[in-house]
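Just so you know, the protein sequences line up as chains A and B, in that order.
Read in the numbering used here, the first sequence has 14 at position 14, and its numbers run on one by one without any break.
Read in the numbering used here, the second sequence has 121 at position 5, and its numbers run on one by one without any break.
Fair warning: there could be bad hints in the mix.
[Claimed, not checked] With a straight-line cut-off of 30 Å between C-alpha atoms, the simulated DSSO-like cross-links for lysine-lysine are: (1) A/K13 <-> A/K57; (2) A/K57 <-> A/K1; (3) A/K57 <-> B/K185; (4) A/K1 <-> B/K174; (5) B/K174 <-> B/K185; (6) B/K174 <-> B/K184.
[Unchecked claim] Some chain B residues judged to face chain A by a derived CB distance under 7 Å, without partners named: (7) Q158; (8) G159; (9) L160; (10) L162; (11) K184; (12) K215; (13) F218; (14) D220.
Don't read these hints as lab results, they were simulated from the structure.
Beta carbons are placed, not taken as given, at the ideal position from N, Cα and C, and that holds for glycine.
Listed below, chain by chain, are the residues.
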Amino acid sequence: KAGVTQTPRYLIKTRGQQVTLSCSPISGHRSVSWYQQTPGQGLQFLFEYFSETQRNKGNFPGRFSGRQFSNSRSEMNVSTLELGDSALYLCASSPWTSGGATDEQYFGPGTRLTVT
Amino acid sequence: AQSVTQLGSHVSVSEGALVLLRCNYSSSVPPYLFWYVQYPNQGLQLLLKYTSAATLVKGINGFEAEFKKSETSFHLTKPSAHMSDAAEYFCAVSTNAGKSTFGDGTTLTVKP
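Same shape as in the complex, but just chain A (with noise of 0.2 Å):
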């Protein structure tokens, strides 16, 4: 199976923008994470969608939006950018085999973003 693909890889934006990073999740796979890493912050979770439903929400600004397509394909945005958004954006699918919270996440290689 293909893995986790995340596009684009490499993003630069300019302050007050936004910007669409997308997700395509494992076959089958029908929940998709999105997750923040920065040196800084580490790694934070942004948000889970599953079945095209929020089912759970990280401690981000409203300006971090997600959506989920019916072919389970995940897309985040982000509104307004600030410098502070500079981060590899990661999204991660999982398979959904024992009730969830068992299941391993499967990570794309990110998106690199940068707000100038």
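Dock chain B against the given chain A, drawing on the hints supplied.
The following block gives chain B in isolation, referenced to the frame of chain A:
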């Protein structure tokens, strides 16, 4: 709420030496614990997971971890380090589907 603490942000070992990466967790419910590895410019890859079936868990690439409830620990070990083990390692705890809380990571350096 659950949390994970990884002791030591940097660990350096010689090739062939024992690798020990420490992880302590805090959880109000029985936790599910994971170790992931991240190589430069890549996403995270699962090494192993604990889901209460057995306290000693074997993973890929010769790594294993032991769940010790009395010590709230889930340390990662490998008997003999290889140069290819140099990477960043993350311990994670999950109590909700699709949401994991990660430690700050430990960078492992392997000296020839």
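Hint by hint, here is what the structure shows:
no.: 1; hint: A/K13 <-> A/K57; in the structure: 25 Å, holds
no.: 2; hint: A/K57 <-> A/K1; in the structure: 28 Å, holds
no.: 3; hint: A/K57 <-> B/K185; in the structure: 28 Å, holds
no.: 4; hint: A/K1 <-> B/K174; in the structure: 24 Å, holds
no.: 5; hint: B/K174 <-> B/K185; in the structure: 18 Å, holds
no.: 6; hint: B/K174 <-> B/K184; in the structure: 15 Å, holds
no.: 7; hint: Q158; in the structure: 6 Å, holds
no.: 8; hint: G159; in the structure: 3 Å, holds
no.: 9; hint: L160; in the structure: 4 Å, holds
no.: 10; hint: L162; in the structure: 5 Å, holds
no.: 11; hint: K184; in the structure: 19 Å, violated
no.: 12; hint: K215; in the structure: 4 Å, holds
no.: 13; hint: F218; in the structure: 4 Å, holds
no.: 14; hint: D220; in the structure: 5 Å, holds
In this structure, only the earlier hint numbered 11 is contradicted, and the remaining ones agree with it.
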